[in-house]
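Trainee: Residue-level listing of the chains:
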Amino acid sequence: MTASMHHDDTLTRGLALPIAIRSVQARNLILFLAFVVFLAVAAQFVSSTTALKLTLWISFSICALSLDFVWGKAGIFSFGQNAVFGLGGYAYAVIALNFFPDSQETISALLGAGLVGAISSALLGYFLFYGRLSDVYLSIVTLAVTLIIYTVLASTAGPEYHIGEALLGGFNGIPSLPGIAFPTVLGMGGTELSIRQLLTFSILFAAAIYFLLQLLVRSRFGLVIEGLGSNELRMELLGYDVRRLKLTAFTIGGLIAGLGGGLFAAWGTFVNPSVFSLAQAATVVVWVMVGGRGSLLGAFVGVFIVQSAADAADFVVTEQTPLLVGLLLVGVVMLMPDGIVRTLARWMKVRGNRPREFWARRMTRKEGHVSTATDRRLSVADIAKHFGGVHVLRGITATFGDHPIHAIIGPNGAGKSTFFNILTGRHRPDRGRVILNGFDVSKLPTFRRCRQGLGIKMQVPCIFPDLTVRENMQLATLISKDAQDTHDILQRVGLSQRVDEVGRNLSHGEQQWLEIALLLVQNPSVLLLDEPGAGMGEEDKRQTIALIHSLSSQHTLIVVEHDMEFIRALSAPVLMLHQGIVFRSGAFDELVRDDAVIDAYLGRRSHAA
Amino acid sequence: MSRKLKSANGPRSFSRREALKLGLLGAASLAIPAVVRAEDPSLHVASLFDLTGNLNIYGIQEMNVSRYAIETINAAGGVLGKKLVLHEYDTQSKIELYSRYAQEVGANDQISAVVGCFTGASREAARPVLSRNKKLLFFPTIDEGGECDKYCFMQGTDCVQQEGPLLDWAIKNGGKKIYVVAADYIYGHVANAWTKSLAETKGASMVGTEFIPLDVSDFSATIRRIQAAKPDVIMSNLVGNNHVAFYRQFAAAGLNKSIQIVSPVFGLGNEEKVLSPAEGAGIVVAYSYFEGLDNPENKAFLEGFHKMYPEAGAIADAPAQVWNGWHQWKMAIEAAGTTQVDKVVEALEKGAPFAGPAGEVRLDPPSHRNIQNVHLARVTDKQSYEIIEKFEQVAPTREVVGAGTCDLTGKDKTSRRMINPKF
Amino acid sequence: MDAFVVIAVSAVTAIATLTLISTGLAVIFGLMRVVNMAHGEFLMVGALTTTSLVLKLHVPWWLAMIAAPVVGAAIGGLMEILLISRIYQRHLVDTLLITFGISLIMFQLAVDIFGTTPPGIETPLGALTVGSYSFPAYTLVLLFSAAVMLLGLYLLFTRTKYGLLARATAQNPAMALALGVPAKRINFFTFTLGCALASLGGAILAPMISVSPSLGQAYVGQAFMTVVIAGPAFISGTLLSAILLGGVSNALSQGATTLWGLTGLFAMAIVILRFRPLGVSASWKRGL
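Chains as they are written, first to last, in the working numbering: chain A, 1 to 609; chain B, 1 to 423; chain C, 1 to 288.
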């Protein structure tokens, strides 16, 4: 074990820190407010041309902000953010046309736009995430949905297509919308804002959204969302309901995009299906790309850079906007994939603190809490699984837990990894049951099994590369019912000196240790280790074996491994799979003396272990 | 995205920086008494057209004619002794820019009139804003009707003015069985309603009607249905690039030999040039203005235009209506002796005739539309038009399909809205 | 009876059209997993090459169509070398963004060169008459070319060494490299092939539609829908997907209205994706 030698105080310093944090926090907040007030006042002194342009850009920025959150933070790449923005615009139009004549205010329409954005995103998200569409399929489906909305709204030309007073108008859209008007309070409001007033309102509106989103991102929930964006698999393995989290993030994104769309409709006093065009959908991505995904401020920077570049380009070469946007997109992706803001920051060596640290999330810690799982048993009965016509597993029955450590071996193609995936819940068996601590978990998804006390260690280190060690650990403790003392665990794996290091900066070995720490802090009753020795040097392997032994007093460990030396050193009962069944089981030394075992290996490999 | 004020092209234009200054002054000018400002030696007007983007094939020429008209008026001494200054706005084929620039024009106290917009949607984005700010709008494109705004003047022909003559000709030369293919948007539906009611009064029968979404370009089902219905005449209200494929596939099925196509919109998208000579030949269209019209006004109009823009292409109906718009506005100002908007409207509603390049035009006061000549032309096998018939002084309709009438000198005297047609 | 024949021809034409517009994408996205958002622009390149050759140089239409994929391949190959080859290892979204950027650039360049409404070419071969109906004889060329394209592709990927290597490289690049497959060259060739096929598809469609720089945008959505629904078996899956989508949309167009046809296409796509998120061929054991 590599317990750190001297006592580390990074974590215990927590008490002194908040005061310092608060002053920094307060200073930033004051600066932010001052800046917003300055902009809001300055808005009154710009020309109407500029005011109109800036208001438009702000509404675009809000749309970009929503994609920035959904994509940059939660890791969901959607082409549909623009569609939600457009739906927000339509919602504003419909609500305003129906209620403005009586109420003389459109704030309700603006909020309604946000609501409609949230609802439509939730519906779309349900379809996407619960249909288990991933990655590229997700982006293509969102693009298709955008085009479908375009087609549908473009064919609503007839007078039968109306919502209350608002005719949808098909391709022509809905004209003559009222602008932003506040309800009459104390004799104020009740009239539509002028061009400059609208700009001031937009600045305050966007600032409020930005501020609330910052609060959200810096909260515990924000950490969870970032975990999602950083490593979805690990989130699931920690026991998070990834699909629901994604849906939540997507819905929040929809709310923001909808609000932006409402502002857009109020700005133009009209809305039509062209907001759902392919080019517009892509432009949103360009904004976020240029500004830099993941930095919320980047959304604004991106819009302002791209739009003013397009404006400027118009003076040099006219009507070449698509060319310019295309070149910008290609250039940014090839040369600065992190976006302009981050790349510039890196070039100028601005290494600023990660913003989150100012708002330091309180560490969840339970003083000296160490508990031992009482029930630590995993068993399977008659597991079978086939893919196409290939029967990979043909009836496997086994019990793990009589002994603290179990090893599973088998030649290539024996069905080891399929069996592992059935234990984790990634695959559903065709028949048979998986019992964890007496509960039938056969039908439970992975994250529920993990919540029931199953810990899963992947072959390659599966941690949150974008988060610090501290945040990695926080994510593990947040969801755990039986969280252990983080400090202890980190000391045990030798990472207590590196709590503020970002995951990706750790060495390969350290990442392995961090992953183990993530598991330990949740105190699982059964730990599944997939080739824990893979890619490790001799020294690391020795340490790992020692760790496994030390863990075996509190957890049941199941090790799937190729490395025969590693298995030997474990001195644990071995289960050997071959051709989809349990071929042999018993002590390692017995197995290696068994000719049938050697034949099984020789059949595939040039030399036996 | 940006407002473009090209100093090279406009007879008088002003730079972006000046625009900014003007805007800044705009805020301050509220405090300055009107008397001081009255000393401005020029009259300001504006045009909103698509100089860039996919609609610029129309917008550029319309803006050219707009500049030409202003230049011509200035060369003849201006209006009320003042020179005109044209503010040019490039709406970049983006509908949101219409509303944005309309707001800008609306906020500009100097500008009193606008000739501009191309599509009905763009007009509806700009008109309410302009109207609210008491700016006159002259709209040069053909349209389906329904506009009922005291401050808006429709220069182009309406469905009745085009389809009436077309149907008369078609029934006489083709037959009485009519099949309608129309784009599935408001114009298509309203035009179809008019075709139906006009056909009834003229004793023709409708053997089929079909609405085609704008992004469809496979017409095999439509062409089969047409063959099943065996019409004599097809009334086409198809628009846009995808729909050009209809004429191509129609010809490929050999139907262009046996069935006559008439259309009030063919040519708006350069269809006669996009189609091959063989595919387009024989299609009959109706507009007020064609370049080939033989009259002294048109001759002078074209001569002056080509002197100013030797490189510019052919002039279609809409740009010619821009010319009419500026001149009718000028005549009204001179008659009223002021730019005060209600007085100008009053003068316009006197309906004084103006001799334009397509013949005499006169405002029909209740509808704010022009009584004008309509010409029928056939597409030749050289991708051009030959004029085959002239209908003099065709009156616009005051009726809005399915939604009553518009009478801007009577019951709708204060109307500032579009009456949505019902179909 | 004659109506039935005409409807059948029209339905098969719809299927052939979908096949022609998606085959190139099937190779690039279906096989290589590169999200080529510029696919539509390659259709456009093929179509514009054909119309320009016919109108400007008076080349016979069939020769112009054969020349079109050469232009597509040249542009595609250049794009692969300069950009795509550098980002195979990156996240899929990056490819998507790069190719989208390229599609915008190609669109604008086409507008600059050809204008927004360039002249087209008329449909060759005249009309065929069945009973009281007639239809363009050229539709038979569409059917024939779509069939030849799929068959040729199938033979290429099953009967040639290149085909085997290309599939191996696409499935497991690391393994292929370890086995000494010249992955770089294979990828280059496959991508170029996809672009050439897209251009060929556009070229063959050109005489039936109105050819303009915005042509790509009109078809790219349908192409993606077809290929996504096709799933992993990129040749037979694409055919089945085209049959499902084209068949349904054409049946609705014939039976009801064209609007219903379009709506039906989208509805069908959504239903299939909801129940088969990985495409219709997801559960097929093997095959192309």
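In short, the hints are calculated from the structure, not lab data.
Note that the coordinates shown come from a computational prediction; the quantities given were computed from them, not determined experimentally.
Please note that a few of the clues may not be correct.
Said to hold, decoys possible - Label pairs and their computed distance ranges (CB to CB):
no., chain 1, residue 1, chain 2, residue 2, range
1, A, F127, C, L57, 47 to 57 Å
2, A, D241, C, W284, 27 to 37 Å
3, B, G203, A, S277, 42 to 52 Å
4, C, L125, A, P445, 29 to 39 Å
Quick reminder that beta carbons are idealized off the backbone N, C-alpha and C, glycines included.
Trainee: Among the hints numbered above, which are violated by the structure, and what are their numbers in rising order?
Mentor: As far as the earlier hints go, only 4 is violated by this structure.
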